[in-house]
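> This is what each chain is made of:
Protein chains: 2
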Amino acid sequence: MRIVIIGAGNVATHLAKALDANHDVVQVYSHTIQNAETLANVLKHAVATNDLSQIYPDADLYIVSVKDDAVASVVDKVKVTSGIWVHTSGSVSIEVLKHKFQQCGVFYPLQTFSRDVEVNMTEVPFFIEACNEDTENMIFSLAQELSKSVHKADSAQRSKLHVAAVFGCNFVNYLWSISNDILAEVGCDLDVLMPLIKVTTEKAASISPTEGQTGPARRGDVKIMEMHEKMLLPEQAKLYRTLSQCIMEKYNIRYEQN
Amino acid sequence: MRIVIIGAGNVATHLAKALDANHDVVQVYSHTIQNAETLANVLKHAVATNDLSQIYPDADLYIVSVKDDAVASVVDKVKVTSGIWVHTSGSVSIEVLKHKFQQCGVFYPLQTFSRDVEVNMTEVPFFIEACNEDTENMIFSLAQELSKSVHKADSAQRSKLHVAAVFGCNFVNYLWSISNDILAEVGCDLDVLMPLIKVTTEKAASISPTEGQTGPARRGDVKIMEMHEKMLLPEQAKLYRTLSQCIMEKYNIRYEQN
Numbered sequence: 430m431r432i433v434i435i436g437a438g439n440v441a442t443h444l445a446k447a448l449d450a451n452h453d454v455v456q457v458y459s460h461t462i463q464n465a466e467t468l469a470n471v472l473k474h475a476v477a478t479n480d481l482s483q484i485y486p487d488a489d490l491y492i493v494s495v496k497d498d499a500v501a502s503v504v505d506k507v508k509v510t511s512g513i514w515v516h517t518s519g520s521v522s523i524e525v526l527k528h529k530f531q532q533c534g535v536f537y538p539l540q541t542f543s544r545d546v547e548v549n550m551t552e553v554p555f556f557i558e559a560c561n562e563d564t565e566n567m568i569f570s571l572a573q574e575l576s577k578s579v580h581k582a583d584s585a586q587r588s589k590l591h592v593a594a595v596f597g598c599n600f601v602n603y604l605w606s607i608s609n610d611i612l613a614e615v616g617c618d619l620d621v622l623m624p625l626i627k628v629t630t631e632k633a634a635s636i637s638p639t640e641g642q643t644g645p646a647r648r649g650d651v652k653i654m655e656m657h658e659k660m661l662l663p664e665q666a667k668l669y670r671t672l673s674q675c676i677m678e679k680y681n682i683r684y685e686q687n
Numbered sequence: 430m431r432i433v434i435i436g437a438g439n440v441a442t443h444l445a446k447a448l449d450a451n452h453d454v455v456q457v458y459s460h461t462i463q464n465a466e467t468l469a470n471v472l473k474h475a476v477a478t479n480d481l482s483q484i485y486p487d488a489d490l491y492i493v494s495v496k497d498d499a500v501a502s503v504v505d506k507v508k509v510t511s512g513i514w515v516h517t518s519g520s521v522s523i524e525v526l527k528h529k530f531q532q533c534g535v536f537y538p539l540q541t542f543s544r545d546v547e548v549n550m551t552e553v554p555f556f557i558e559a560c561n562e563d564t565e566n567m568i569f570s571l572a573q574e575l576s577k578s579v580h581k582a583d584s585a586q587r588s589k590l591h592v593a594a595v596f597g598c599n600f601v602n603y604l605w606s607i608s609n610d611i612l613a614e615v616g617c618d619l620d621v622l623m624p625l626i627k628v629t630t631e632k633a634a635s636i637s638p639t640e641g642q643t644g645p646a647r648r649g650d651v652k653i654m655e656m657h658e659k660m661l662l663p664e665q666a667k668l669y670r671t672l673s674q675c676i677m678e679k680y681n682i683r684y685e686q687n
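These protein sequences, in sequence, are chains C and F.
The working numbering applies: residue 430 is where the first sequence begins, and numbers increase by one.
The working numbering applies: residue 430 is where the second sequence begins, and numbers increase by one.
Read the hints as simulated data drawn from the structure, not as lab findings.
Treat the hints with care, since some could be wrong.
In this list, chains with the same sequence are indistinguishable; a pair is considered to hold if it fits within one copy or across any two.
Stated by the list, open to error - Straight-line C-alpha distance at most 16 Å; calculated EDC-like pairs for lysine to aspartate or glutamate:
1. Lys-659 with Asp-487
2. Lys-679 with Asp-610
3. Lys-581 with Asp-618
4. Lys-527 with Glu-640
5. Lys-589 with Glu-655
6. Lys-679 with Glu-552
One chain only, chain C, in its complex shape:
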């Protein structure tokens, strides 16, 4: 396949490099020509451009991999071409492409990419949506060349995946920042918690987080919970109580005075 990559950020870069192994990325667009050139230079024979009107009209696949809120305006500015158009955004509907292109879809990797960190693409879950079955088959197969974890998901399902990731990663990271603050008070950092975090993760993956739940709230241990709240800053104590109450409600636990 002859592929055009529109965007030169982290997702665009990792995808372009991975796809360039079996296919030909022929053109890279970025608003900033230096960024387009930086990416084009690590590909076999891609040409850089910063002019959307110069996008090649004859590629097989166009991948729009820009920030969520820039997808619509990029699509607005490009000329209509044949070939498949996809975007890579978790929270942008396929509709943004549908009104302009006959063959279109979504090619969403559920992973966070950093410029200098190698990612094992075969482990990255891809979620595919397309405007018709032929297009779906094409991009599903393409994703399978990169990853062993390829799924179908329409735009509503993709939003669910995103919100699940907010709870499971963004919010989890925030809780770790609280742990880190508390550990700093006793001269430690998150390192001392990592072995326990690792086991918690393994347990969540193997027996499910609902079965694996432990801790004072799960036991309804009011003595410990009250002691903990007293040790915490007011905002931390409030969140401690909220989360403990959520857990107790989930498992129908009542405060046990012991």
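Following the hints, put chain F in place on chain C, whose structure we already have.
Just chain F, lined up with the frame of chain C:
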């Protein structure tokens, strides 16, 4: 050292096996004789008992490894002996031992143990407290034989470690159970989130969770946050809002209407 283990649960079992390699666990107590025997049978030459009045009077070290709320009553029932007495609880003060034994301390492994899951003891952080310097040196060295991560922590500090673990593991696990519920709605489970969770964990460990924070709340992306809240069950939406507000307050982010 001649060691007596009081308790035959998961912590007692893992510690007894690890200590028996370089020392002699001579006696195992459990309320239930079968449990004491099960553990004693996998040790070099330990004898089982279910009678606290029969605890050997001449061991070098006594490790009380029972449930938090059972430590005091066990200590109450045993005879005074020479030798060092320690308990292994995160949230029980050293005071419970101090009033009875001249040499006493705490030997707290910050890890969760499961009966049939092997634990790499060298990675487990141990937190040590003792009634005097000699005792502290003794049990600190003992912990160093097992683990490369040994720290001092008084009872107040140990409570902080425990509450940090509640945020970083118990509450995190709860958030993963919410992710899992949301993923189930689209026919997936936590597996599809694991690559992202892994990268989030690595980033938290390497650059700190405060620097590594990402997501709609960190960006103040009100459009996405409102969309997410609408997709969630009422209790989930409430927690989503609470956590998003915590993150926005931490980073001084205001809602941005875009």
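> Each hint should be assessed against the structure and marked as holding or not.
Do the hints match the structure? See the list:
no.: 1; hint: Lys-659 with Asp-487; result: neither (66 Å within a copy, 41 Å between copies)
no.: 2; hint: Lys-679 with Asp-610; result: between (28 Å within a copy, 12 Å between copies)
no.: 3; hint: Lys-581 with Asp-618; result: between (40 Å within a copy, 14 Å between copies)
no.: 4; hint: Lys-527 with Glu-640; result: neither (43 Å within a copy, 38 Å between copies)
no.: 5; hint: Lys-589 with Glu-655; result: between (35 Å within a copy, 13 Å between copies)
no.: 6; hint: Lys-679 with Glu-552; result: neither (32 Å within a copy, 33 Å between copies)
The structure is inconsistent with the numbered hints 1, 4 and 6, although it conforms to all the rest.
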